[in-house]
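Model the full structure from these sequences, guided by the hints.
Take a look at the letters that make up each chain.
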Amino acid sequence: MSEHDAHDATPALGTHGGPAGWQRAHPDAPVALQRNRWQDAAWSFLYKDDTRYAPAPADMEAVAQASRRMRAGEPGAVHGPVINAPVWTWEVPLYFWFGGVATGAWFVSVACDLAGDHRSAAIARRVSLVAVAPSPVLLIADLGRPGRFLNMLRIFKPRSPMNLGAWALVGFSGLAAAAVGADLLGRPRAARAIGGSNVVVGSYLGSYTGVLLATTAVPLWARSRLFLGPIFVCTAAATGAAATRLTLVAAGLPHGHPTRTALGTIETGAMAGELILSSLNERRLGRAGLSLEHGTPGRLFRAAKWGVRIGLGLRLLRAPLGPRAHDVASLCYLGAGLAFRYAWVGAGQVSARDDETVARMARGAVTFDDRLTGGPRGRRLASIARAPRGAGRLAARYPELVRRASLRAERLLGMSGTVAGRRGTGAPPTHR
Amino acid sequence: MPGLGASLGRGGATDFLQALQHADCILIEGSNMAEAHPVGFRWVMKAKERGAKVIHVDPRFGRTSQLADLHVPIRAGTDIAFLGGLIRHVIESEAYFREYVVNYTNAPTILREDFQDTDDLGGVFSGFDPETATYDTTTWSYAGADGGTDGSEQTHSSQAADQHTGAGMDVGAAQRDDTLRHPRCVFQVLRRHFARYTPQMVQRVCGISPEEFAAVADALVQNSGRERTTTLCYAVGWTQHTAGVQVIRAASILQLLLGNIGRPGGGIMALRGHASIQGSTDIPTLFDILPGYLSMPHARAGGVSLQDHIDAGARQRGWWSYFDSYLVSLLKAWFGDAATADNEFGFGHLPKLTGNHAHFATMLRAIDGGLDGLFVMGQNPAVGSQHAGLQRRALASLKWLVVRDLSEIETATFWRDSPEIESGELRTQDIGTEVFLMPAAAHVEKEGTFTNTQRLLQWHDKALEPPGDARSELWFMHHLARRVRAHYAGSASKRDWPIRNLTWDYPEHGEIREPDAEAVAREINGYDVAGGAPLPDFTTLRSDGSTACGCWIYSGYFRDGVNQARRRDPGDIGAPGGWVSPEWGWAWPLNRRVLYNRASADPDGRPWSERKRYIWWDEQQSRWTGYDVPDFPVDKRPDYEASRDALAMEAISGDDPFIMMPDGRAWLFAPTGLLDGPLPTHYEPCESPLDNLIHPDFHMNPAAIKWQRPENPYHATGDPRYPIVATSFRLTEHHTAGAMSRNLPWLAELQPEMFAELDPALAADRGIEDGGWMIVETARGEIEARAKVTPRIRPLKIDGRVVHQICLPWHWGFTGEVRGDITNDLGALSGEPNVGIQESKAFSCDVRAGRRTRPSTAKLADARLDRPVRPDEDDPPAEYPSQIT
Amino acid sequence: MTTRAAPTEIAIHAPDAQRMGFFTDTTVCIGCKACEVACKQWNDLPADGSRFGRGSSYDHTGSLNASTWRHVRFVEIAEPTPQAREDAVQRLEAGGGGRVPDIPATGGGSGSGAGDLDLVAIASQRAAPPGAVDVAAAVAAMDEWVFMSDVCKHCTNAGCLDACPTGALIRTEFETVVLQADVCNGCGYCVPACPFGVVARDPDDGRAAKCTLCYDRLQDGLEPACAKSCPTDSIQFGPYDELVDLAARRVGELHARGMPDAYLYGASDDPDQELAGGLGAFFLLTQPPERYGLPAQADSPVQENVLPATTAAYGAALLAAAGAAAAFLGAARRSAGHGPLRFARRRAIRSWQR
Amino acid sequence: MSGQDAHVGRPGARPRSFERARRLPLVGRALDWGMGPSAASATTRNAGARIAGLKVTESVCPYCAVGCSQLVYTRGDELVDIEGNPRSPINQGTLCPKGAASRQLIDQPGRLTKVRYRRPGATEWEELGLEQAMDMIAERIIAARENGWQDVDRQGWRVDRTLGFAHLGGATLDNEENYLIKKLFTAMGAIQIENQARI
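Those protein sequences? They're chains P, L, E and R, same order as listed.
Quick note on numbering: my numbering labels position 261 of the first sequence as 261, and the sequence is numbered without any gaps.
Just so we're on the same page, my numbering is the position in the second sequence counted from 1, plus 1000.
Just so we're on the same page, my numbering is the position in the third sequence counted from 1, plus 2000.
Just so we're on the same page, my numbering is the position in the fourth sequence counted from 1, plus 3000.
Honestly, I wouldn't trust all of these hints.
[Unchecked claim] In silico lysine to aspartate or glutamate, EDC-like type, Cα no more than 16 Å apart, as pairs:
1) L:K1399 / R:E3139
2) R:K3055 / R:E3078
3) P:K48 / E:E2253
4) R:K3055 / L:E1465
5) L:K1494 / R:D3151
6) L:K1462 / R:D3077
7) P:K48 / E:D2205
8) R:K3114 / L:D1469
9) L:K1494 / R:E3146
10) R:K3055 / P:D327
Simulated from the structure, these hints should not be mistaken for lab results.
Keep in mind that this is a model prediction, so the values were computed, not measured.
Dropping the structure here:
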């Protein structure tokens, strides 16, 4: 018997997954021997006026003060778990990746159309349609109750990124299919028109995945909220361009064609952007970014970055190495994009289990910009959308702040190796 | 509970749970109330929020301590020393409630000249016979009162025979000194007796600092008196000791000195651990008493007649003067028309006792091959009884065993997976015990009454049919009786007379032929033999055979043919006194909720204070009235003066609130009724790492029962191999031996494993890690447990040395959803002299890190090789230690 | 006093319904776990096993999850600050003094024979070796055993409710947040969207599940199962406004009794400081929130982040689309212009468009 | 709640950006789309306590001795719910974890419904009919009674008893059951009748 065996107490009573039936045994009958309108609760209350439980009206200011005082400052010992880790499995990052490829390819198709390369545009549309095709499958496979996928479309709820994302997926797929259909039916103008309008939907499909992660309580994701969307868009553009490029090359797009050049520029630019944004973000994250450095997510993250670097290097060296080197670079980008997605999702799960970071985030002291901006008002979450005083000036100075933060982060990391480590160990827990 | 019985008159909690809310101070000691009685603790919390001070004295900082205002750690098994210190404090600081003490207790009564206290004799009272380790109690009597109990006839096992009765003592001739100055008056004897129990001594014995002691003492004193009351709450942490009864006695003395008995928010709250454990002593499944605390007859030369038994049991004065009516009515209930005055109502056919036939003695008999069969109903001795390893070996020696329970408990499967099988000491194929495991009905599948801790009888209705072949015990006994009676129907043998003539005509109903529980209840309540009408209460019982009553103290619970225990009207809780809710269920005796409540009024019948108003004399109506049923003749004027030669209830004056006692007073000093001394004295537990500092010559209670047998080895005092004090406790999440909780996944998951709580210093010393494994070892066995290293357990500094304590829950066994080692494998059989209760709340042990490498009880495997074969006589030898080494 | 949810957020309208909630007062909690079991009993939830944990005191079920909707936390050793630990060492070495309950070996008396307390020797090894028991730390934490019955907070700004893509999570007429098991498709988004770690997805069933504040019982005027069972009324159920008033009075009373650390978690603060806009189930605590596994501050992550994150993301996407277009147009212009490779490019374009 | 108004409108207290966005005319409403009545399912709209209209029986908790009153809701022979009886002045509707779990005590895994019988020396249980088991037990108790019978003890004093069989248990049984145990066994001459603990 291992030291901490779990005990499986096979359920004798009870069903998983929800409250017992909410149906009255007899629709119109009352509950016997219980008084209605919560009268029993009032009657049986122990600390009535004959006690000194809560005798006098309170000084509300003192009550509020006590609450704020106990919630301010350093958190001290944290007895987790504080939040639950996301339950998403391997399908989700893959879906993100496919969605990104589809979006990126669609952007490319529209650009091709604009540049007058309609043949490439039509192929790009098909790439996009093929890339979006597995997305619903993956999304459904990840559901706890796949049969209820359509419940996503039961309502239209702009507040929920996932709901909008589901609608966007449906809309995008539909429009993409329509555009490809138009292509096949020989209606290029219609296809172009549909393609143009689908950019609006596609822009959401390609970016909402970052929003989806950012709108959670997971420190890594929440505190990257301004970066995640752009990073994911970069990945989408790069992978979409790379996929399209490889398809076009396979279809015979000759070397030297401007589309091929443009695609190379897009994937390189986007990937470089992604690398820069990621590094910048990683450094400003401070303690919250630890989960990107350790364990499997850390390895994936490093692999992705190396993939990007290799791709960039190959592209720079394509003159001596020949055009095939560029194709390898495209493959590197595709692989790196996939690794980035897995790294981000996986690191979020680790981050959610890092109780101390969660606690520190709630106390408004986790990333470096928290400290530089003096922390949010009232120790609120730094990332709250309420603009602090002087938000305009802050916005103007934000890049500078991030730069300084990064420098500071590097110094700190260089000195101690960790940032505000978990009681000296530095590593976030990998299991609970 | 003779501790309460010998002090106050009745062996039941003097109080009820809702009354706790009116306490001004609550001392919880020997109980882990918040964990073992969470709903009862509701009323402690209410009291606390009403301003009461809650004090918890316990070795372990538990969930009760967390809610208490003050937690005082104490060394397990030293409660008498602590309570004795409090008694001394109350006396010496003159903080006692003088008017109450003088009028309501026997403090002024003058004792015989030849009484000698422990101080005079170095640790024992006069009358001690070292040969038999028993007392002759003659000298403990009041001066002038002739007779007294014939101590020479007492044995350990006759326990209850005289404990409530004080038979033969003529208290009418007793003298009193109301100034309390007479050197031989009880008060002065008490003062001298407890003079040794100074705060310094308390510190040396219990490990309680003088500051902590003073904090408790001040709280008790400040919250007692006319205006305020203090309640004591206890459970088996006080009783399961070789001096357990005397702990309760000490608590009674303290409460009487403070004037807290019989008053709202006062009293002594005995917290029972099983739904109807009070009921199972009222209607006893105990060997030495008959229903209603009537003593079982004892064999004597020339036989014992009904009159002999009545003479031995009845008192001339007080309520026990009606002993004969109760006994005869019981015999009429059992033997019906066959019971006549001519045949002594069948009394002669009752089996007679000659010694100790309690649980442990019986199991030892079984080991020796002297017992054929055993019925176990709703109990799990293979886990829950002291020295469980010995219990299981006893089960293996039976010819047959009938176990009735809801699930497959350890007692039923000992032949398959007990530690003894694992160790190879026993082989399944060699165990000849035939086992019947009978499925039992649960509480919602049958109807009947529980008697809860506050002596409250509550009827539970039947909601469901039991599943399959599950049946109630009522069904089982009824249909067993049917078969047995059929077998003996034609017998002419004298020995079969009781079976042939047993009244047994309970109507059956339903498909499964369930006997009618209400019919049984009516018999318990009693009826008029001629007309069959239910009796209104026990005052109508007669000794001429015209009434029948199965349990006199329950008489009245079917008053007017209405099931009083089934009443469910809480009343208006908010009205003055409405919190008593007298229409909810029915409390014995006569639906009195606070016992001895005459004492809530002063001798003139006025409430001691407006704040503590409860029962008072209403001059206009010329009767006692109040919120409760008066525990007093309702029309006896407070100024009634009993003449010296009055008998029965006539002898109880209008200001004598303790009507069960022959002198109408509570007994600070118990001249009769106890076998180990008239006053509580500190003795060390049977197994202790420390010497008795108060009476060095007598380590443990000299009258306690010990079984010196190879399978029951004891630790010597101060044995360096066993330097640690262990105590056991209950968790909220489990129930007793776990049969009703370990199988329930909802509960099992809350506390999945056996653990031991120990202090960080001990853990550091032994290299034990929190959450890791550790072994607890005694001479009987070794068990493994998870270590819960916690600052909540504190080492104590006792007389210059550090004493570590460990605390063990005892809910796990080898079957069920969650399993673990059995705490009771550690303990030895021992017995309190009055009731024979075991000492499971304090024993010595050792701990080490790691897991055990052999089954828990393997170390005793060899001890049994030289056991005797079937004994030639009935009683196993109980050897009494005269000197403790 | 709290930001009340606008009526459009309420999915079920009832004419005289008002906000109902829980007030959990940990100062009267006895840690009995009746709430945990009563909840499972009423909602027919299975036991889900447990493990005996290191340092988890009497808590073996860990945390709230899909089949544990009430969970009692036990905090036994609240790791002391270095200063508190140092004080404890000092007290030990002094062999007495200080507050009586704080001395591990009581009965020692002041100043006498402190040297023979082996405790001191152990405690004085100020930095305990790894794995060993830190006695001094334990002493400093001696009486800090706290119990707290955790539950869904029924936030005013509920992250799970905002996140739910299917509408399975709704706000009811009692302004509680209820998960409709017949709608949920198990997308799992609500799990990380809860800043309190309440919602979880059942691994066997696939749906998310959490406390409904006994929505079915409320319909028939019954108290929620946990509040009903609570032996010491630590869990109090009632109209939200009344509960907040009572709770604030309670805090005032505890302050007056010399417990300045008593505070409300989730109610009575300034509206803009309120946790998640105010918690429908709020708590009276005496230790910093992290001791109980609670965040010091929280809001619906969706409400906090969705606007800026979407703006940034969508903006970046449009930028990317524009960038793609620019890249193409740039490439096209270059191919149209002069240069050594322009003929090759034109050849390529012609061959491709053929 | 007079004291609280002071906080509202405090300088610096501004609604959060989300709240501001939500309050924007026209477009702000979109943030509440999908959260109204359309989200509620039919089950939710018709929700109610499943014990409404069920038969109720009043019982008493079988665990400790406090005597908490329980309400037992049943549908025919199906046990649906056990909860505290709010009318009881003792527990006022509350229960401890054991009392709250008592439905599982009835429907526990491994609840016995058939007699199990183990022959001497056997390694396994066998199943036995109830009537047969009762007959066998009656035979054995009679034999044990006769085997252990004593008219007089070693000193020659009359005892009229049997030491052949003993009984243990009773603290969780009903008084009526204990009464029959004591009555029958005493009439049979047994004296070794004991229960859970001797207090």
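Against the structure, the hints:
At most 16 Å may separate the alpha-carbon atoms for a hinted pair to count; K1399 of chain L and E3139 of chain R meet this at roughly 13 Å. Pair hint K3055 of chain R plus E3078 of chain R holds up; C-alpha atoms about 11 Å apart against a cutoff of 16 Å. Restraint check for K48 of chain P and E2253 of chain E: the C-alpha separation of about 14 Å stays at or below 16 Å, so the hint holds. Simply put, K3055 of chain R and E1465 of chain L have alpha-carbon atoms about 14 Å apart, close enough for the 16 Å limit, and the pair holds.
Restraint check for K1494 of chain L and D3151 of chain R: the C-alpha separation of about 10 Å stays at or below 16 Å, so the hint holds. The hinted pair formed by K1462 of chain L and D3077 of chain R meets the criterion: a straight-line CA distance of about 11 Å does not exceed 16 Å. At most 16 Å may separate the alpha-carbon atoms for a hinted pair to count; K48 of chain P and D2205 of chain E exceed this at roughly 43 Å. Under the criterion of a C-alpha separation no larger than 16 Å, the hint pairing K3114 of chain R with D1469 of chain L is consistent with the structure, at around 5 Å.
Annotation: proposed proximity of K1494 of chain L to E3146 of chain R holds, straight-line Cα distance about 13 Å (limit 16 Å). This hinted pair does not check out: K3055 of chain R and D327 of chain P have alpha carbons roughly 76 Å apart, beyond 16 Å.
Of the numbered hints listed earlier, those contradicted by the structure are 7 and 10.
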